[in-house]
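Listed below, chain by chain, are the residues.
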Amino acid sequence: MKIYDMVELAGRNLREAVLRNSLTTLGIGVGVASLVAMLSLGLGLQKLFNRQLGRSGLFDSIYVTTRRDVRGTTTAQRETGVAPAKVLDDTARHSFEQIPEVAEVYPNLSAVGDFHLPGSKAEDAHFTVVGGLPPSSQGSEAFDDFQGTYFSSSDAAEVIILADFGRALLGLPAEPRNSEVKLTKEQADQLLDHDVILRYAQRQANDAAATPPLAPSAKDSAKAAGSTRDSGKAADDEDDSADDASSFSVVRREVRLRIVGIVTSEPYRGMRQGRTSALLPMDYAESLNMMQPADVSGIVRPGEGKTYMALVVRVAKSRDVTRVEEAIKKEGYNTFSIVDASRGLQKAFVFLDLFLGVFGSLALAVASLGIVNTLVMAILERRREIGIMKALGASDGDVKRIFFVEAGSMGALGGSLGVALGWMIGRVINLGTNWYMIRQDLKPENFWYVPMWLVIGGVAFSVFVSLFAGLYPASRAARLDPVQALRHE
Amino acid sequence: MFDIGVKKPPASEPDGHVPIKLHDSEALRVVSLVRHYRMGKNTIPAVDGVSMAANRGEFIALLGTSGSGKSTLLNLIAGLDRPQSGAIVVDGHDLATMTPEQLAQYRRHTVGMVFQSFNLVPTMTLYENVELPMRFAEVRRRERRSRVTEALERVGLGDRVKHRPSELSGGEQQRAALARALVNEPKILLADEPTGNLDSKTGTEIMGLITDLNKSLDMTVIMVTHERALADRYADRMIFLGDGKVLGETKNSAKGARL
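Protein chains in written order, with my numbering: chain Y, 12 to 500; chain F, 271 to 529.
Honestly, the hints are just simulated from the structure, not real lab data. Just so it is clear, CB atoms sit at the ideal spot from N, CA and C, and this is done for glycine as well. Among the clues, some could well be false.
Stated by the list, open to error - Taking lysine to aspartate or glutamate pairs in the EDC-like style, the calculated list, with each CA pair at most 16 Å apart, reads:
| hint | chain 1 | residue 1 | chain 2 | residue 2 |
| --- | --- | --- | --- | --- |
| 1 | Y | K13 | F | E408 |
| 2 | Y | K411 | F | D488 |
| 3 | Y | K193 | Y | D156 |
What the hints assert, rightly or not - Below, a sample of chain F positions facing chain Y; criterion: calculated Cβ distance under 7 Å:
| hint | residue |
| --- | --- |
| 4 | L350 |
| 5 | Q354 |
| 6 | P403 |
Claimed, not checked - Non-contacting residues of chain F with respect to chain Y, defined by C-beta distances greater than 12 Å in every case (computed):
| hint | residue |
| --- | --- |
| 7 | G310 |
| 8 | T313 |
| 9 | M322 |
| 10 | R352 |
| 11 | E408 |
| 12 | S416 |
| 13 | R424 |
| 14 | L438 |
| 15 | E442 |
| 16 | D462 |
| 17 | S486 |
| 18 | G512 |
| 19 | D513 |
Generate coordinates for the entire structure from the input sequences, incorporating the hints supplied.
So, in structure tokens, the structure goes:
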């Protein structure tokens, strides 16, 4: 029998018992909806988790610290079989850059500074934490939707600020409920492409000949008043050449930066401490030679020169993290990465999805019994009709296929209905939850995710289950003895 | 049309099938046919060693009381049932050795059936009922339309195509069933008490139609009936059955004498 004849016959059979078949189809729909709802919740949570943590630059990053720090002396140094503790300096940085899997190495730069707009009084300056951003941060989630542009280059005298800090600079009150609120266009226009002045503490090497002072000396601020980014670079060169001298001074510097972008959340939050409201391009930030907490240890431990508090080693592929981490550990450093934790979580999510899927499928299993029931009923009702069809030349296969098409149609229809229903349930729950979250002063999140494969998979699974449920009724109908079925009643 | 190779009978069949050749004039031949039914512990020999033949274009009446095995024999010839032993040879092929799919093909193309209770599909219109066998025979849609119309017009129901069986009288239903039986142009028409549910006037109409098909299309007709009068009037030959056996047969030279 031709396919369109089969579909036509099956279709008219379905229409003949429209109420019963509709109810059965609805049952399948509810089953599929529960499956889709459960799975999309699991997938949504997983996606939310990945989005929040995965794109923060944490998963492909290794945080390297020296074991000579206080933390290192307590636990890591007791480990045996590893190289002796090493200083985390430029030599170390270069050696990490040589590891093939490594994409970039940058310092976990974090310093304090204060900002004011050129016209405003210096007393109105806003004190904040300044951080550096490596070029790869451009792919960070924070830059998905932000005002302005990304840095023009990694050594440009530019700054990207957080929206909340922008409000502070403009003298506006902070957003009371949610700090991640964008600036209005007018507000942003007052900042973007305008200059801002950063005042910071610069580490400046002393002459090798000079006697190391016991404490860093703050030089006269008047000296630094006219400094530009060029002077900053000059200081950097000076610092490099004199780095072997263990002594340095801390001086006040001022630089003029151009505000290029305003973000609502901190890109590459990583392991920076405190809220970093101003972000500079990494190379430029390094060239400023800002005084950092690690510099204090340089005073305590003379002879080490310039050291880093922490280096961030970013690998190209997150699957290499463990290998690179081991290599760095062997060289004698402390490492930390959250890839292990994330792997465990990913596994947990697979289990969660599986669990939710099994629960969701239960309803579909019940619904499939409905199909068996409906079709078996149909056989009893259509006994004579099946007999007639056989007498007119229908083969067992024809009869079987008609029943299969009926089961499959109910599955396809119920599946489509179920996916739509599941999606709607998801929307409603998401809306409700977000409404609640907003009331609780939390940022609304989309933890409901229905990917295309779930839509197609949901319908396909429904058809598959329905065909499976149709196996028994179809073969029973096919085996029906036409002589018995046509016997006079 | 109907084209399948003769299969060797399975070894389990007791009396090995010798290939049976039909005479040129023969449409079908039944040889030592046996069909037993099991009813609980008892075995009922519904057809018990029947042999018979039908010539092309011949009108045969199978006569007998109820339980004589005439309907079982008809179902066996129709390919709806399978014999325990014996052969049913049509077009050089033995139905007993065919696969279920081949039997379905045989029912599609070689035989047409009408029943005492009409057996139209109640949910389908006359058009759809008559079209049904052509769906199984995979006749092209365009051709179906003309064949359905032609068949329904032939039985005088050309203006009732959209009616459902329940909207028709018994005689009309049986005519529709006849249209359905002949739409695939079978060589053999099998009729199981075709007038059993009809009054004598409409019964006569139906028999007239069957006789017309028998003559004009040269269709072999095998009709099961328990009415001797009906057989006398229309059949070329009468075969009498009792307890699953052929009791005798007579040529009906007086056919149509009382028409």
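Verification of the supplied hints:
1. Distance hint between K13 (chain Y) and E408 (chain F) is fulfilled; the C-alpha atoms sit about 6 Å from each other, no more than 16 Å.
2. Straight-line distance between C-alpha atoms of K411 (chain Y) and D488 (chain F) comes to about 35 Å, which puts the hinted pair past the 16 Å bound.
3. The straight-line distance between the Cα atoms of K193 (chain Y) and D156 (chain Y) is roughly 10 Å, inside the 16 Å bound, and the hint therefore holds.
4. Hint status for L350 (chain F) relative to chain Y: holds, with the closest Cβ pair at about 5 Å, below 7 Å.
5. About 14 Å separates the beta-carbon of Q354 (chain F) from the nearest beta-carbon of chain Y, more than 7 Å, and the hint is not met.
6. Because the smallest distance between the Cβ of P403 (chain F) and any Cβ of chain Y comes to about 4 Å, under 7 Å, the interface hint for this residue holds.
7. Remark: the non-interface label on G310 (chain F) is consistent with the geometry, its nearest Cβ contact in chain Y lying 16 Å away (cut-off 12 Å).
8. With a cut of 12 Å on Cβ distances, T313 (chain F) stays outside the contact zone with chain Y, its closest approach being about 17 Å.
9. Its beta-carbon lying about 20 Å from the closest one in chain Y, M322 (chain F) satisfies the requirement of being farther than 12 Å from that chain.
10. With a cut of 12 Å on Cβ distances, R352 (chain F) falls inside the contact zone with chain Y, its closest approach being about 10 Å.
11. Once the 12 Å rule is applied to beta carbons, E408 (chain F) is inconsistent with being away from chain Y; the minimum gap is 6 Å.
12. Here S416 (chain F) stays apart from chain Y, with its beta-carbon at least about 18 Å from theirs, past the 12 Å limit.
13. Consistency note on R424 (chain F): stated as away from chain Y, and its beta-carbon is indeed over 12 Å from all of that chain's, at 18 Å minimum.
14. The Cβ of L438 (chain F) lies farther than 12 Å from every Cβ of chain Y, with a closest approach of about 16 Å, so its non-interface assignment holds.
15. The Cβ of E442 (chain F) lies farther than 12 Å from every Cβ of chain Y, with a closest approach of about 18 Å, so its non-interface assignment holds.
16. Separation of D462 (chain F) from chain Y is inadequate, the least Cβ-Cβ distance of about 9 Å not exceeding the 12 Å criterion.
17. Against chain Y, the non-interface label of S486 (chain F) holds: every CB pair exceeds 12 Å, the least being about 23 Å.
18. For G512 (chain F), the non-interface assignment is confirmed: its Cβ lies about 20 Å from the closest Cβ of chain Y, beyond the 12 Å cut-off.
19. The Cβ of D513 (chain F) lies farther than 12 Å from every Cβ of chain Y, with a closest approach of about 19 Å, so its non-interface assignment holds.
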